[in-house]
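> Generate coordinates for the entire structure from the input sequences, incorporating the hints supplied.
Residues per chain, in single letters:
Protein chains: 2
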Amino acid sequence: MSAIAKLPTPPYYAVIFSSERTEGDKGYGLMADKMVELASRQTGYLGIESARDEALGITVSYWASLESIKAWKDNAAHQVAQQRGKSEWYQSFALRISKVERDYYFDR
Amino acid sequence: MSAIAKLPTPPYYAVIFSSERTEGDKGYGLMADKMVELASRQTGYLGIESARDEALGITVSYWASLESIKAWKDNAAHQVAQQRGKSEWYQSFALRISKVERDYYFDR
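Chains as they are written, first to last, in numbering that gives the first Met the number 0: chain A, 0 to 107; chain B, 0 to 107.
Keep in mind that the hints were calculated from the coordinates and are not lab data. Worth double-checking, as some hints may not be accurate.
Copies of the same chain look alike in the list, so a pair counts if it fits in one copy or across any two.
[Unchecked claim] Only pairs whose alpha carbons sit at most 27 Å apart, straight line, appear in this in silico DSSO-like list of lysine-lysine:
hint, residue 1, residue 2
1, Lys72, Lys85
2, Lys69, Lys98
3, Lys85, Lys5
4, Lys72, Lys33
5, Lys98, Lys25
6, Lys5, Lys33
7, Lys69, Lys33
8, Lys98, Lys5
9, Lys85, Lys33
10, Lys69, Lys5
11, Lys72, Lys98
12, Lys69, Lys85
So, in structure tokens, the structure goes:
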């Protein structure tokens with residue numbers, strides 16, 4: 000199965016989350032898996048792509064609307080994870096909310 | 000130095016490039032470095048973030064305008080790299096052009 004999300008025709012929204020981790024797992028891996036599972040059951044969720052190496056992690060989640068992004072931000076379990084992200088897991092991060100206007104796929 | 004791009008106040012544009020590699024390097028690493036260097040000298044270039052693991056690579060480049068993205072797409076050396084990407088380096092990829100409307104930074 001491909002790690003590339005197959006999405007509907009634009010427009011749709013992308014939340015680009017780029018992060019640098021603190022040292023050690025401290026429960027991060029388990030929570031990350033739980034959040035992906037929970038996000039995927041939200042209204043308006045379209046897909047997710049994620050990659051991490053020593054320097055940086057990038058997770059892009061795709062959503063049907065700004066309202067669905069706001070609802071996910073406000074989700075109670077997600078709020079708990081966001082707090083632990085700031086207090087334990089992330090050295091720094093950037094979050095960018097964008098509207099995808101065009102896309103293009105290539106498959107060999 | 001942080002791998003997170005520090006960018007001007009939105010709006011700006013993000014090109015989200017998610018890719019699955021073929022086996023072996025085949026000159027990819029060298030060309031990727033050259034393209035980052037070349038892109039950084041283009042008018043309208045704002046920054047780049049990149050992460051790759053076994054499953055997926057995600058590179059997000061940030062631009063001041065759609066015109067600057069188009070000019071980079073049409074750059075002659077970049078065109079050569081794009082062709083080699085399809086013929087040699089990528090099993091599959093998705094390219095998404097999006098307009099960043101809001102961003103948020105966290106730093107410990």
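> If any of the earlier hints don't hold here, list their numbers in rising order.
Hint 5 contradicted; others consistent.
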